[in-house]
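Residue numbers (this note's numbering), protein chains in the order written: chain A, 1 to 136; chain B, 1 to 167.
Check the hints yourself; a few may be wrong.
[Stated by the list, open to error] Only part of the chain B face toward chain A is listed, based on derived beta-carbon distances under 10 angstroms: (1) I28; (2) S104; (3) L128; (4) Y136.
[Unchecked claim] Label-pair distances were calculated between CB atoms; the ranges are: (5) V31(A) / S55(B): 35 to 41 angstroms; (6) N7(B) / A30(A): 40 to 46 angstroms; (7) K161(B) / D51(A): 44 to 50 angstroms; (8) F74(B) / G85(A): 52 to 58 angstroms; (9) F74(B) / G52(A): 34 to 40 angstroms; (10) D126(A) / I28(B): 42 to 48 angstroms.
Just so you know, the hints here were simulated from the structure itself, not pulled from any lab data. All C-beta atoms in this analysis are idealised placements derived from N, C-alpha and C, irrespective of residue type, glycine included.
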Amino acid sequence: MLKNSRRIMNKQNRIRNDVLLVAVLLLLCAVGILYLFVFREGGDTVRVTVDGELYGVYSLHEDFTEEIRTGEDDGQFNRLIIQDGRAFVESASCPDGICVGHRPIFRNGESIVCLPHGVVITVFTDNDKYAPDIVA
Amino acid sequence: MREKSKNVAFLGVCTALALILAYVEILIQPLIPSIPGIKMGLPNVIIVFLLYRRSAASAIGVSFLRILLVSLLFGNMMALAYSLAGAALSLLFMIVLRRLNLLSPVGVSIAGGVMHNVGQIMMAVLLLKTVELSYYLVVLTVTGTIAGILVGLCGSLLVRKIPEKLF
Ligand SMILES: [Zn+2]
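Chain A extracted, bound-state conformation (with noise of 0.2 angstroms):
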């Protein structure tokens, strides 16, 4: 009977602690969301890496297009183009499309990335102190 009610007691406990962790998840998440969404500011330049090695710079502020190649098969691209302020792949050989499917990044620090072909699109400010020395 004891026994019998320790039991739920801990299941009671458990479920709590459920809730918790589901909590604390989602306010992980919504300091997340602030710090992406609402405390960055516009870009202006785009950095393009391919396998952790730079591919180019391009301003943000220009509209630009660029095929990016990677790998020795020639059919493997990514089409970036930058328009309006705004980056993003508007097509790909990539067998997932993810990085199609990727909404325009704008925002410092926002990026789009291509697991497959090991791109990486990141967008800097001009006056970041992680931005790489070759911004001129």
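Following the hints, position chain B with the ligand against chain A.
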């Protein structure tokens, strides 16, 4: 001896079920209007079930076998690295949390789902040598939590409804 072969057959069925769930997940992906690439982690239903009804070892075995088969059948080797990292971290957290007995199976499943995403992103940070993946982590944590609740409810339903004697 008979017990042993029964166990092997049971784990084989579980692997097949996890494989089917992984395939269903690939099939329904275009139907869900969400960010592409986000997976619900349906096979985790089987993993949670095994963790509670069998052993940590069988959960680990079925999980890795499932991932190996899925990447051989539908994916590429790049996807294999991400999946393995995600599964390893997810299993580690679920096994430890199960031992601690602080959460219900649903909570354990949520933690597993979220850590699966964290593991994948950690692997991506490692391979792509960039830390600018925080956006993905935030989005994946939200979806991982929601999916984890659904998966956890299914998993705990299996744990409760399927009689021990059956196998
Ligand atoms: Zn892509």
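Taking the least C-beta to C-beta distance, is Y136(B) closer than 10 angstroms to chain A?
7 angstroms, holds
Return holds or violated for the Cβ distance of F74(B) and G85(A) against the range 52 to 58 angstroms.
38 angstroms, violated
Is the distance from the Cβ of V31(A) to the Cβ of S55(B) consistent with 35 to 41 angstroms?
37 angstroms, holds
Does S104(B) meet its interface restraint, that is, does its C-beta lie within less than 10 angstroms of any C-beta in chain A?
4 angstroms, holds
Between D126(A) and I28(B), does the C-beta distance stay in 42 to 48 angstroms?
44 angstroms, holds
Does the beta carbon distance between F74(B) and G52(A) stay inside 34 to 40 angstroms, or does it fall outside?
Given about 27 angstroms between the Cβ atoms, the range is violated.
Given the hint of 40 to 46 angstroms, check if N7(B) and A30(A) actually sit that far apart at their C-beta atoms.
45 angstroms, holds
Okay, K161(B) versus D51(A) on CB: inside 44 to 50 angstroms?
48 angstroms, holds
Holds or violated: is there a CB of chain A closer than 10 angstroms to the CB of L128(B)?
Where the cut-off is 10 angstroms and the nearest Cβ of chain A is about 5 angstroms from L128(B), the hint holds.
The hint names I28(B) as touching chain A; please verify it with the least Cβ-Cβ distance against 10 angstroms.
With a closest approach of 15 angstroms, the I28(B) hint is violated.
Hint compliance for this structure: hints 1, 8, 9 are broken, all remaining hints hold.
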